[in-house]
Amino acid sequence: MASLQNLTRRLKTAKNIRQITKAMEMVSASKMRRAQAQALASRPYAQKLYSTLITIATLTDPSQHPLLQSHDAGQPAYILISTDKSLAGSLNTNLFRGTAEHLSNQTSLAEIPLIIVGQRARAFGLSLGCPIYAEFSHLPDPITYQDALPIAQMVITGFLKQEFKSVSLIYMDFISTLVQKIRLQALLPLTAELQALFTSQAEALDAVSHEQTTYLFEPNAANILNWILPYYVELTLFQALLEAKASEHSARMVAMKNASDNAAEIISDLTLSYHKQRQTKITAELLDNTVSAAIIN
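Heads up: the sequence shown is residues 1 to 297, going by our numbering.
None of these hints come from the bench; they were simulated from the model. Built from N, CA and C at the ideal position, the CB exists for glycine as well. Keep in mind that a hint or two might mislead.
[Said to hold, decoys possible] Straight-line C-alpha distance at most 30 angstroms; calculated DSSO-like pairs for lysine-lysine:
hint	residue 1	residue 2
1	Lys165	Lys22
2	Lys22	Lys281
3	Lys31	Lys48
4	Lys22	Lys12
5	Lys181	Lys276
6	Lys281	Lys181
7	Lys276	Lys257
8	Lys85	Lys276
9	Lys165	Lys181
10	Lys165	Lys12
11	Lys281	Lys15
12	Lys181	Lys15
13	Lys257	Lys22
14	Lys257	Lys181
15	Lys181	Lys48
16	Lys165	Lys31
17	Lys85	Lys22
18	Lys31	Lys257
19	Lys85	Lys31
20	Lys85	Lys161
21	Lys15	Lys276
22	Lys181	Lys12
23	Lys12	Lys257
24	Lys15	Lys31
25	Lys12	Lys281
[Said to hold, decoys possible] Pairwise CB distance ranges, derived in the manner of DEER restraints:
hint	residue 1	residue 2	range
26	Thr280	Leu126	38 to 46 angstroms
27	Thr93	Leu49	29 to 37 angstroms
28	Asp84	Pro230	41 to 49 angstroms
Starting from the given sequences, assemble the full structure and let the hints guide the process.
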């Protein structure tokens with residue numbers, strides 16, 4: 001049985017740990033609410049831009065824009081968005097496991113360039129044997145649109161120079177405070193995902209009456225498409241960063257709450273053991289005194 005001194009030391013340690021995890025829980029909760037609000041608020045704008053892009057593309061020739069053209073040069077690149085800090089529960093573990101499962105289908109990992117966002121993904125990328133094409137860590141919190149621009153411009157340039165055959169995003173999508181799911185999202189080229197939507201949208205436009213609302217584009221739809229496609233890539237990447245940040249703070253808040261609850265349970269058990277041990281010691285001392293008094297008398 002542990003001594004009273006040992007129990008006192010363990011009890012003090014548990015209380016200190018609980019104080020730390022409780023403080024981290026409160027900080028994470030504040031950051032979580034802000035990150036969730038930011039991610040949820042930007043979703044309608046991203047969806048509206050997506051529908052606007054489809055509408056404009058139906059009035060032009062999508063095959064004329066280089067970001068819509070697939071090519072065989074280069075290798076498929078992946079933007080892996082992780083966290084800079086730890087203590088986020090199983091968030092990074094689930095992200096890396098899902099990424100490894102997807103990349104296992106590739107023929108040669110040594111030729112798959114990884115664009116790392118977040119310090120925790122670097123060691124994982126190196127463990128896979130993938131070359132680190134670029135690394136972006138310690139991004140500001142909260143994330144701003146300007147923070148996404150260097151990454152977006154780099155992948156657009158790499159794709160246009162045919163350094164990348166394709167570019168995909170891998171990140172933890174925010175579902176709720178308790179649920180975050182890994183998401184693999186194609187970023188470039190936009191052909192595969194948008195061409196089907198272009199076709200269905202064009203058929204729908206042909207089916208409706210010409211009395212419906214028409215659009216006037218200045219200078220023309222093709223020029224607007226040339227501007228909106230890079231902007232769409234930038235915004236898609238920015239939205240992924242927001243989702244990943246909301247997932248990170250949610251996972252960390254839950255992890256710290258669980259740690260605080262576990263520490264409270266340990267404190268309760270140690271306190272009970274301490275009182276039992278102390279009561280046993282007091283009882284033993286009383287018995288010794290009683291026996292000694294009886295012997296003297």
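*asked:* Next pair to validate is Lys22 with Lys12; report whether the Cα-Cα distance is within 30 angstroms.
replied: Holds, at roughly 15 angstroms.
*Hey, Lys165 versus Lys31, does the alpha-carbon distance stay inside 30 angstroms?*
Violated: Lys165 and Lys31 sit about 37 angstroms apart, past 30 angstroms.
*Would you mind confirming whether the straight-line C-alpha gap from Lys15 to Lys31 stays at or under 30 angstroms?*
It holds: about 24 angstroms lies between the C-alpha atoms, which stays within 30 angstroms.
*Would the pair Lys257 and Lys181 pass a check requiring their Cα atoms to be no farther apart than 30 angstroms?*
This hinted pair holds, its Cα atoms lying about 20 angstroms apart.
*asked:* Run the distance test for Lys165 versus Lys181: straight-line Cα separation, threshold 30 angstroms.
replied: holds (26 angstroms)
*Straight-line alpha-carbon gap Lys181 to Lys48, limit 30 angstroms*: holds (23 angstroms)
_With the threshold set at 30 angstroms, check whether the alpha-carbon distance from Lys181 to Lys15 stays at or below it._
Roughly 34 angstroms separates the two Cα atoms, so the pair is violated.
*Lys165 and Lys12: Cα distance at most 30 angstroms?*
Roughly 57 angstroms between the alpha carbons, so the hint for Lys165 and Lys12 is violated.
*Thr93 paired with Leu49, Cβ distance criterion 29 to 37 angstroms*: Holds, at about 33 angstroms.
*asked:* Run the distance test for Lys281 versus Lys181: straight-line Cα separation, threshold 30 angstroms.
replied: violated (53 angstroms)
*For the pair supplied as a hint, Lys22 and Lys281, confirm whether the alpha-carbon distance does not exceed 30 angstroms.*
The hint is violated at about 34 angstroms.
_30 angstroms Cα cutoff - pair Lys281, Lys15_ = This hinted pair holds, its Cα atoms lying about 24 angstroms apart.
The structure does not agree with the numbered hints 1, 2, 5, 6, 8, 10, 12, 16, 20, 22, 26 and 28 stated previously, though it agrees with the rest.
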